[in-house]
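Student: Sequence:
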Amino acid sequence: MIYWGGNPAECHPRHFTRYTLTQKGKFVPNGRKGRTMVLVDIRETPSAKAADTFLQIRPGKDFEVLTTLRALVKNQRVDKDLVAETGLTVEQLQELVGQMKAAKFGVIFFGMGLSMTRGKHMNSAGVLALVAEMNAYTKFVCMPMRGHGNVAGADMVLRWTTGYPFGVNLSRGYPRFNPGEFSTVDLLVRGDVDAALILGADPGATMPQPGIDHLARIPTIVLDPKVTHTSRLARVHITTAPTGISSPGTVYRMDEVPLPLRPILKSPYPSDEVVLRRILQLVQKKLL
Numbered sequence: 001m002i003y004w005g006g007n008p009a010e011c012h013p014r015h016f017t018r019y020t021l022t023q024k025g026k027f028v029p030n031g032r033k034g035r036t037m038v039l040v041d042i043r044e045t046p047s048a049k050a051a052d053t054f055l056q057i058r059p060g061k062d063f064e065v066l067t068t069l070r071a072l073v074k075n076q077r078v079d080k081d082l083v084a085e086t087g088l089t090v091e092q093l094q095e096l097v098g099q100m101k102a103a104k105f106g107v108i109f110f111g112m113g114l115s116m117t118r119g120k121h122m123n124s125a126g127v128l129a130l131v132a133e134m135n136a137y138t139k140f141v142c143m144p145m146r147g148h149g150n151v152a153g154a155d156m157v158l159r160w161t162t163g164y165p166f167g168v169n170l171s172r173g174y175p176r177f178n179p180g181e182f183s184t185v186d187l188l189v190r191g192d193v194d195a196a197l198i199l200g201a202d203p204g205a206t207m208p209q210p211g212i213d214h215l216a217r218i219p220t221i222v223l224d225p226k227v228t229h230t231s232r233l234a235r236v237h238i239t240t241a242p243t244g245i246s247s248p249g250t251v252y253r254m255d256e257v258p259l260p261l262r263p264i265l266k267s268p269y270p271s272d273e274v275v276l277r278r279i280l281q282l283v284q285k286k287l288l
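With the working numbering, the residue at position 188 of the sequence shown is 188, and numbering never jumps.
Note that these hints are calculated values from the structure, not bench results. All of these numbers come straight from a predicted model, not from anything done at the bench. Idealized CB from N, CA, C, for every residue including glycine. One should not assume that every hint holds.
Said to hold, decoys possible - With a cut-off of at most 30 Å between alpha-carbon atoms, the simulated DSSO-like pairs for lysine-lysine come out as follows:
#, residue 1, residue 2
1, K61, K120
2, K80, K139
3, K24, K49
4, K120, K101
5, K74, K104
6, K61, K24
7, K120, K26
8, K26, K80
9, K226, K266
10, K139, K120
What the hints assert, rightly or not - Okay, the calculated beta carbon distance ranges per label pair:
#, residue 1, residue 2, range
11, R77, D194, 17 to 27 Å
12, T89, K139, 25 to 35 Å
13, M143, T53, 11 to 21 Å
14, V283, E133, 39 to 49 Å
15, L197, A84, 15 to 25 Å
16, Q209, Q99, 22 to 32 Å
17, V283, P260, 38 to 48 Å
18, A205, V78, 14 to 24 Å
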């Protein structure tokens with residue numbers, strides 16, 4: 001298993017013990033002893049202590065490393081000098097490719113350190129291409145390490161309503177998919193958005209500074225149970241009941257398994273769904 005651009009020891013503390021590294025499985029009965037873990041990051045994090053191999057790459061060189069791995073998987077020649085610019089050596093990447101091909105079942109978990117740095121969606125595309133090509137040799141999959149709760153749920157809803165997981169534009173009345181053009185972070189950084197409705201997320205804490213600055217300039221509405229970085233810069237903050245705690249709903253785990261949740265506590269605040277339906281009703285009345 002390869003963790004790339006993420007720090008699960010601090011950001012997903014149960015991931016190692018409950019799902020991946022130490023958990024005993026049907027085909028890996030020895031747990032940790034039967035697995036190999038590689039961590040790829042720009043700096044050494046607490047997750048490196050759990051890894052068998054730590055590969056420290058230079059910031060912004062993820063795409064070059066992924067492209068080199070794809071070449072080595074196909075036994076193509078690579079330029080040692082160009083590889084050295086990534087902070088790694090050809091020998092290190094050849095060893096990694098050997099481990100990947102020797103695996104009975106491999107997985108790449110990639111975090112925001114890969115998808116929100118230089119290269120952005122092209123880095124994610126590079127991971128997908130590498131995994132697809134690895135399946136010519138052994139079973140290999142990849143999975144993003146999500147940040148906010150139920151991000152996978154948002155992807156799933158978009159997927160079965162539009163056919164696309166993100167970066168969807170509905171301005172023409174039908175879905176258009178183009179990461180890099182219609183992705184939220186790109187729209188905000190370019191300043192293409194003149195109003196924003198933020199639901200169940202905190203872009204003010206995670207997005208690049210130009211995107212955060214643009215959110216502060218435009219009318220921004222936030223629906224959230226608590227005060228966040230984004231709500232502090234928003235024009236309107238509507239407090240809602242925490243989903244799964246005070247309002248029912250279905251969440252998706254990172255492996256896209258749906259989990260229906262029932263409320264266990266009462267809240268004086270409305271749910272996100274109730275607020276959105278009220279907003280929709282008022283918009284429809286205004287259009288009549």
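Student: For K80 and K139, compute the direct alpha-carbon distance and say whether it is at most 30 Å.
Tutor: Between K80 and K139 the Cα gap is close to 29 Å, so the pair holds against 30 Å.
Student: Check whether the Cα positions of K120 and K101 lie no farther apart than 30 Å.
Tutor: 26 Å, holds
Student: Does K226 pair with K266 here, judged by a C-alpha cut-off of 30 Å?
Tutor: With Cα atoms ~16 Å apart, K226 and K266 stay inside 30 Å; holds.
Student: In this structure, is the beta-carbon distance linking A205 and V78 contained in 14 to 24 Å?
Tutor: Violated, at about 38 Å.
Student: If you check the beta carbons of M143 and T53, does the distance land in 11 to 21 Å?
Tutor: The hinted range 11 to 21 Å holds for M143 and T53, with Cβ atoms some 20 Å apart.
Student: Check the hint pairing K24 with K49 against an upper bound of 30 Å on the C-alpha distance.
Tutor: Status holds; Cα separation ~20 Å.
Student: Return holds or violated for the Cβ distance of R77 and D194 against the range 17 to 27 Å.
Tutor: Violated, since R77 and D194 (Cβ atoms, about 50 Å apart) do not stay within the stated range.
Student: Measure nothing beyond the straight line between the CA atoms of K61 and K24; if it is 30 Å or shorter, mark the hint as holding.
Tutor: This hinted pair is violated, its Cα atoms lying about 35 Å apart.
Student: With the threshold set at 30 Å, check whether the alpha-carbon distance from K61 to K120 stays at or below it.
Tutor: Since the Cα atoms of K61 and K120 sit roughly 11 Å apart, the hinted pair holds (cutoff 30 Å).
Student: Can the restraint linking K139 and K120 be considered satisfied, given a maximum Cα separation of 30 Å?
Tutor: With a Cα-Cα distance of about 26 Å, the restraint between K139 and K120 holds, given a limit of 30 Å.
Student: Take a look at whether the Cβ-Cβ distance between Q209 and Q99 falls inside 22 to 32 Å.
Tutor: Between Q209 and Q99, where Cβ atoms are some 38 Å apart, the hint is violated.
Student: Hint says 15 to 25 Å; check whether the CB-CB distance for L197 and A84 agrees.
Tutor: 46 Å, violated
The structure shown violates the earlier hints numbered 6, 7, 8, 11, 15, 16, 17, 18.
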